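S.K.: Residues per chain, in single letters:
Protein chains: 10
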Amino acid sequence: MLYCVQMDIHVPHDVDRNDFERLKAEEKAVSQKLQREGKWPHIWRVTGRYANVSIFDVADHDELHAILSGLPLFPFMQITVTPLARHPSSIA
Amino acid sequence: MLYCVQMDIHVPHDVDRNDFERLKAEEKAVSQKLQREGKWPHIWRVTGRYANVSIFDVADHDELHAILSGLPLFPFMQITVTPLARHPSSIA
Amino acid sequence: MLYCVQMDIHVPHDVDRNDFERLKAEEKAVSQKLQREGKWPHIWRVTGRYANVSIFDVADHDELHAILSGLPLFPFMQITVTPLARHPSSIA
Amino acid sequence: MLYCVQMDIHVPHDVDRNDFERLKAEEKAVSQKLQREGKWPHIWRVTGRYANVSIFDVADHDELHAILSGLPLFPFMQITVTPLARHPSSIA
Amino acid sequence: MLYCVQMDIHVPHDVDRNDFERLKAEEKAVSQKLQREGKWPHIWRVTGRYANVSIFDVADHDELHAILSGLPLFPFMQITVTPLARHPSSIA
Amino acid sequence: MLYCVQMDIHVPHDVDRNDFERLKAEEKAVSQKLQREGKWPHIWRVTGRYANVSIFDVADHDELHAILSGLPLFPFMQITVTPLARHPSSIA
Amino acid sequence: MLYCVQMDIHVPHDVDRNDFERLKAEEKAVSQKLQREGKWPHIWRVTGRYANVSIFDVADHDELHAILSGLPLFPFMQITVTPLARHPSSIA
Amino acid sequence: MLYCVQMDIHVPHDVDRNDFERLKAEEKAVSQKLQREGKWPHIWRVTGRYANVSIFDVADHDELHAILSGLPLFPFMQITVTPLARHPSSIA
Amino acid sequence: MLYCVQMDIHVPHDVDRNDFERLKAEEKAVSQKLQREGKWPHIWRVTGRYANVSIFDVADHDELHAILSGLPLFPFMQITVTPLARHPSSIA
Amino acid sequence: MLYCVQMDIHVPHDVDRNDFERLKAEEKAVSQKLQREGKWPHIWRVTGRYANVSIFDVADHDELHAILSGLPLFPFMQITVTPLARHPSSIA
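Residue numbers (the UniProt record's numbering), protein chains in the order written: chain A, 1 to 92; chain B, 1 to 92; chain C, 1 to 92; chain D, 1 to 92; chain E, 1 to 92; chain F, 1 to 92; chain G, 1 to 92; chain H, 1 to 92; chain I, 1 to 92; chain J, 1 to 92.
Keep in mind that the hints are not guaranteed to be accurate.
[Said to hold, decoys possible] Listing some non-contacts, in silico: residues in chain B with all C-beta distances to chain A over 12 angstroms:
1. H13
2. A29
3. A51
4. D62
5. T82
6. P83
7. L84
[Claimed, not checked] Cβ-Cβ distance ranges computed for the label pairs, FRET-style:
8. F:A59 with H:R36: 26 to 32 angstroms
9. B:P75 with E:P12: 41 to 47 angstroms
10. F:P75 with C:K39: 36 to 42 angstroms
11. C:K28 with A:R17: 58 to 64 angstroms
12. I:V15 with C:K33: 37 to 43 angstroms
13. H:V15 with J:Q32: 29 to 35 angstroms
14. H:R36 with F:K24: 24 to 30 angstroms
[To be verified] Below, a list of computed lysine-lysine pairs in the DSS-like style, where the Cα atoms sit at most 27 angstroms apart:
15. G:K39 with H:K24
16. D:K24 with F:K24
17. E:K28 with E:K39
18. J:K24 with H:K24
19. E:K39 with F:K39
Since the hints were made in silico from the structure, they are not lab data.
All values reported here derive from a predicted model rather than from experimental measurement.
All residues carry an ideal CB built from backbone N, CA and C; glycine is no exception.
Just chain A, with the same shape it has in the complex (with noise of 0.2 angstroms):
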């Protein structure tokens, strides 16, 4: 099951910057066991922003809501879900 999930972060100008710093580095490295998993297949920045536009290959919804909820930035996310169908034109 294919999923488009975009993600926007927001960081409020008063949050502790250390904190926030060890949770990116902890997100890095959820995203990246993810990536090699096979469940995240893709993750692009969208340019200029902080934010990515992303594929998860899951097995149900239930998966990927654990997955993103869990996600250590996911307090500060704004998260757009786009479940996706084969295509009639696709080649893959």
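Fit chains B, C, D, E, F, G, H, I and J to the given chain A structure using the hints.
M.R.: Okay, now just chains B, C, D, E, F, G, H, I and J, sitting in the frame of chain A:
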């Protein structure tokens, strides 16, 4: 250069159906040619809508615009283009 | 897999009324067949609008897209799809 | 009387975490009590967001407002309420 | 049960004027009948627009939907429905 | 002169609760005084939200602005004002 | 009573040009009559758009609605009305 | 050169009230000086909101920006600027 | 006086193609004449859309409006105008 | 590769003014260095707002993102990026 492109297609109810079906067939052929050339590496259907999310990999803005504006269904599309940069957490 | 789907129907004022009434009758038959099969467990009218809120229970995104894009009134619909996960407070 | 209610929860980053966890536990208890009473027959998680889609079955607007405004997390919620009428195609 | 309903009317420029004037006359008759019955206790014109703000007092969502969807100008309306509860400061 | 006014109240989570409760009590007293004077003939709760829909009957824009901007909770409100004209179908 | 009114005019591409030019001429005559009477003290063009920003000075909402809904181009307009109160810093 | 400017003022609830009142007094003085000079010929209160609609008459964009960005309450304002051209129907 | 202008062009599907191509040719000629005169120093295509971002350098609002409203494709355009002031960091 | 970038800057009212002024000075230095290098050929002030419209001329999306995300005021900016293609009417 990577771009995320979302195309929403709106078919006026009084369009000539034969003309439109012919354009759809042409669109499919153009899309599959570009997929085979590696310029349109991903195309997914937005579940429940006459729309797609696509990834393009082209030389520059001019090539992307030439491709998109040359699509047979371009006159019926609303298009959003998001330029994609490398994400620091990507393992690709 | 559960999805919340909202369908808003816009009828162009110059559509052929007989054609449209026939499509409506077909839509009703398709909807009731899917309800009986358990794939469309809930359909409610949005009070005051030509629109519905529905719950679908299908195998995956592809099956949902096949159902929705095959509805007789699909060309007149604006559709939003929300994938639903299990809620931790649900007793169901 | 049926209502579709969507609740989006926004947690300020500087809220006291213990207080908030206590409110969450209270919210869960209230929700499950209302589910058992049949007044909150469905609650689903919006995949990827701290939000839910719910169906309420109550006597009238006043009862719904009393329930929603009394939820422990109400001060952190953005809520949309859609009154649901019977759909002519429903077999329920 | 009280509802605040806003109706915005859009008249396509190529509609048949005689047909539309006839619908307007029918609409007025239906509205006044419902006002006399106490089901449509208030109707005000939105200054400067072909729109009204109305209060309905009906048994339930189904009755409101039957009334609104049966209005002769319903096919030309955009409608928003706000269910109204008792306000704790109201002296009514 | 009639106006439809919608007030949405946003309470910052770090406001002093005692101060706010005092303002709420003052707001209620002001509202009821204006209701008794006939200047605020209707106030309804928007079901599920900390908001109201109200009808004001005042001499002119200046009087309405003086009333609204003098409400104790005005600093926490988002307000929309719709001037209401007589509707040609009204039997009032 | 002062009102700020913005009118945006949308001309359908298939409207009869002679009819529309005649309506424009009538609109100009009506506007200039109201300007001379002091009821429409200001009218400015929104630079780059077929739209205007106007100030009206009329007795009440009913008079404003009668004027606006009677404009020859009213069926082609989207209108927003802002009631204007005296500003405490104004020296006028 | 004429411009229509709308200023919406948002006062954070935790701002120092004395500081803010001092800024308001300064704002009023600046506004009245510019009104007397003919550069700010109109200022009206948006009924029911902490906002104004103003007309400015200045030499060019640079002068307008210098005035607006120099207002004591500028840090609390959301501003929209509409450049106004002569309207062909204006008798002014 | 500098202005940033974005023009989005919407071509109705039932427009006469020959008429539209003629208007496009006229539009190009007008645009290039204004570019040569220095009044339209920049015009760029918005990648993927039938739209442009342009910079205009004209005497005042009236001249800009005369230019834009006189463009052959003006009836098909949605236009946004942003007046540009000198930026304090600019080295130009 | 050309991009149109709009940056809107929001300064929280409780930010440390000295820190912010230092960031502004650094921002100006970075901007002017990039202007001198030809990578930021245009920067204009949006009249009446703390915002700019800029044109960037860089090698690719990655370079643009590195520049924008490295700006000292980036944490306070809302940024929109529009990739610009060559316009067929351009004489440049």
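S.K.: Of the hints given before, which are not true for this structure?
M.R.: 2, 3, 5, 6, 7, 9, 10, 14, 15
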